[in-house]
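Enquirer: Protein chains in written order, with our numbering: chain A, 1 to 365; chain B, 1 to 196.
Heads up, a few of these hints could be off.
[Stated by the list, open to error] Ranges between beta-carbon positions, derived for each pair: (1) B:Gly191 with A:Met1: 46 to 56 angstroms; (2) A:Thr73 with B:Ile160: 22 to 32 angstroms; (3) B:Leu41 with A:Ile4: 21 to 31 angstroms; (4) A:Pro122 with B:Asn100: 38 to 48 angstroms; (5) A:Ile5 with B:Asn100: 25 to 35 angstroms; (6) A:Lys80 with B:Gly191: 51 to 61 angstroms; (7) A:Gln60 with B:Leu176: 20 to 30 angstroms.
[Stated by the list, open to error] Looking from chain B toward chain A, a few residues come up when the C-beta cut is under 10 angstroms (computed): (8) Pro38; (9) Gln45; (10) Leu66; (11) Leu69; (12) Leu71; (13) Ile77; (14) Ile81; (15) Thr82; (16) Leu93; (17) Arg96; (18) Tyr102; (19) Tyr103; (20) Phe108; (21) Glu170.
Hint data in this document are derived by calculation from the structure and do not stem from the laboratory.
All values derive from a computational prediction rather than experimental measurement.
Ideal Cβ positions, reconstructed from N, Cα and C, are used throughout, including at glycine.
Take a look at the letters that make up each chain.
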Amino acid sequence: MTTIIITTTMVTVFTGILALLLTIANNTIANYGEVEVVINDDKEYLVQGGNSLLSTLVDQKIFIPSACGGRGTCGYCKVKVLEGGGPVLPTELPWLTEDEIRNHMRLSCQCKVKEKMKIEIPEELFNVREYEATVELLEDMTPEIKKLRLRLKEGEEIDFKPGQYIQVKIPTYDGNDEEVYRAYSIGNPPSVKNYIDLYIGYTGGIATTYIHKFLKIGDTVHINGPYGDFYYHDQSDREMIMVAVGSGIAPILSILGYMKDNNIRRKATFYFGAKTPQDLFELDLIRGLEKELYDFKFIPTLSRVKEEHNWTGERGRVNIALEKYVENGVNKEAYLCGSPGMIDSVVEVLTKKGFTEDTIFYDKF
Amino acid sequence: MIEISPWVIFFASIFTNNMIFSNFLGMCSFISVSNEIPTSLGLGQAVTFVLTFTTMLNYLIYHYILVPLGLEYLRFIIFIITIAAFVQLIEMLVERYFTNLYYTLGIFLPLITVNCVILAVSLFMVIRNYTFLQSVGFAIGSGIGWTLAIAAMAGAKQRIKNNKLPKGLEGAGITLIITGLMALAFVGFSGIVQIQ
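Using the sequences and the accompanying hints, generate a full structural model.
Expert: Okay, here's the thing in C-alpha cells:
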C-alpha cells in the first residue's frame with residue numbers, strides 16, 4: 001500500500017514540477033507579447049507574437065494561398081518579408097529558388113512572428129475569404145466534364161475579377177487520406193455574387209475523383225478565394241482573341257458574361273478546342289452571347305471528327321484555326337486557358353503573328 | 001561500477017558500439033531525415049546536444065532521487081517525462097535567446113523528443129552502471145556516432161539519388177539495405193576497443 005502511495009506521489013510531484021516549470025517558461029520565455037506587423041507599408045496590425053506568419057495572418061482574416069495547411073509541404077504560401085522573421089529555415093529551402101531568396105521571399109507557414117515585421121503581399125489577397133458552400137448542381141456537361149454549382153451561405157457574397165480562380169478543399173475520402181486544395185476557375189460572371197460555377201474535367205486525380213465520384217448535391221464544400229492574375233483587362237479597347245480547350249472554358253465564360261453585363265463594346269472571338277461534337281458544351285449559353293454581345297464570334301474546332309459526326313465547322317487543334325483566322329497582332333490581345341502544351345503552342349502561333357508578351361494573358365493548368 | 005575510462009567509452013560508442021549500426025536505435029529520424037547532408041548534420045547536432053544534457057539530468061535524477069527512494073523501477077516513465085520536458089524547455093530557450101542556433105537546430109528539437117536513442121542512452125547508463133563521467137562520455141560519443149551514421153547515410157543517398165531502383169526498394173527499403181551494409185563495414189572496428 002505504501003509503495004503505491006509513494007510511487008503515485010513521486011510521479012505526480014515530479015510531473016507537477018516539470019509542468020509548473022514549463023508553464024512558467026511558456027509565459028516568460030515563449031511569450032513574445034504583442035508584435036506589430038506592417039503589410040505593404042500601409043496596413044498595420046497588432047498581433048500576438050509567437051505563431052507562424054501564416055496563421056497570424058489568417059487570424060487577421062488575410063488568406064495566403066496554402067494547399068497543405070501550414071505543414072511546409074506545398075510551398076504555396078510564399079510572402080515577401082522585408083523586416084523581421086530571421087534567416088531562411090532549412091524547411092523552406094526546398095521551395096525557394098535562389099532568386100526568391102534574394103528577393104526576401106519566405107514560406108509564411110515556417111516563418112514565425114517574433115518581432116516587428118514588414119511584409120509585402122499582393123493587394124488582391126486582402127479580398128480573399130473563406131466560404132462554406134453547398135453543392136446545388138452537379139451536372140454532366142460532356143462524358144468527362146461536370147459543371148459544379150456551389151451556393152454560398154445566405155447573405156454571403158464573393159467579389160472577384162472575371163477570369164480568377166478559387167481553391168476547393170478536398171477532404172479525405174475512401175482512397176485519399178490527405179486533405180488537399182485544388183484551384184478551379186470561376187465560370188460565371190462577377191455580377192453573380194452568391195454562387196459560383198466550376199467546370200471540372202475528370203483526370204483521375206485526388207480532387208477530380210472526389211468531385212466526379214463522391215460529391216453529391218447538398219454536400220458542404222469549403223472554398224477560398226478569389227486568386228489569380230489572369231483576368232479581364234479593361235484598360236484597352238483592343239480586339240480580343242480568346243482560346244480555351246475543355247474545362248478551360250470557365251474563365252472565358254466569366255469574361256464574356258462580364259462583357260455582356262457591362263455592355264462592353266469590344267470585338268471578340270472565342271476559339272474553343274475539343275475532340276468530338278460530344279465534347280462541346282454550354283453551346284446555348286455561347287450562342288446566346290453571340291446574339292447579345294456587340295461583336296462576338298464563337299469558333300469551335302474539333303480534332304477528332306469522324307464521318308458520322310456530320311461536322312461542318314473547323315477541324316484540327318486550336319492553333320490551326322488561329323493560324324487561319326488571326327491575321328496579325330495589331331491592336332489585339334489574347335486570353336488563353338488550357339493545358340501547358342496547348343498554351344505553349346498557341347503562344348508560339350500568336351508571337352509569330354506579331355503579338356507581344358504583354359498582350360497575351362494566359363492561365364495554365 | 002566498472003573501470004573503463006570515459007574516453008574509451010566515448011570512442012567505443014562512436015565506432016564499435018554505434019547506436020545505429022550495432023543497436024539499430026533511433027531509426028525513424030535516421031531513415032526520414034537523411035536525404036541531405038546539411039540537414040542530417042543539423043539533426044545530428046541536435047541529437048548530440050539533447051542526448052548529453054538529458055543523460056546528465058537523468059543520471060542525477062536516477063542516482064539522487066530514484067535510488068534513495070527505492071523507486072528504480074519508475075525509471076522508464078521518469079526518464080521519458082524528463083526528456084520531453086527538457087526538449088520543450090530547450091526549444092523555448094533556444095528560440096528566444098539563441099536565434100542563430102535555433103535556425104540550425106531548433107526545428108529538429110521536436111523530432112528528438114521521440115528519438116529512442118535518447119531514452120536508450122539513459123537506460124544503458126543505468127544497466128551498465130556507468131559513473132557520471134562515463135555516462136557523459138557515453139552520451140556524447142553516442143550522439144557523435146549517430147551523427148556520423150546519419151551523415152554517411154545522407155551522403156550515400158545523395159549519390160544514388162538519380163539512379164534507378166526497383167520500385168519496391170525506393171525510400172525506406174534501400175535505406176535499410178544501405179544501413180545493413182554500413183553496419184557490416186563497422187564490424188571492422190570491433191576489437192579496437194571493448195566496452196560492456
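Enquirer: Evaluate each hint against the coordinates.
Expert: Okay, the hints, checked on the actual structure:
no.	hint	result
1	B:Gly191 with A:Met1: 46 to 56 angstroms	holds (52 angstroms)
2	A:Thr73 with B:Ile160: 22 to 32 angstroms	holds (23 angstroms)
3	B:Leu41 with A:Ile4: 21 to 31 angstroms	violated (47 angstroms)
4	A:Pro122 with B:Asn100: 38 to 48 angstroms	violated (31 angstroms)
5	A:Ile5 with B:Asn100: 25 to 35 angstroms	violated (48 angstroms)
6	A:Lys80 with B:Gly191: 51 to 61 angstroms	holds (58 angstroms)
7	A:Gln60 with B:Leu176: 20 to 30 angstroms	violated (46 angstroms)
8	Pro38	holds (7 angstroms)
9	Gln45	violated (12 angstroms)
10	Leu66	holds (8 angstroms)
11	Leu69	holds (7 angstroms)
12	Leu71	holds (6 angstroms)
13	Ile77	holds (6 angstroms)
14	Ile81	holds (6 angstroms)
15	Thr82	holds (7 angstroms)
16	Leu93	holds (6 angstroms)
17	Arg96	holds (5 angstroms)
18	Tyr102	holds (8 angstroms)
19	Tyr103	holds (5 angstroms)
20	Phe108	holds (9 angstroms)
21	Glu170	violated (18 angstroms)
Hint compliance for this structure: hints 3, 4, 5, 7, 9, 21 are broken, all remaining hints hold.
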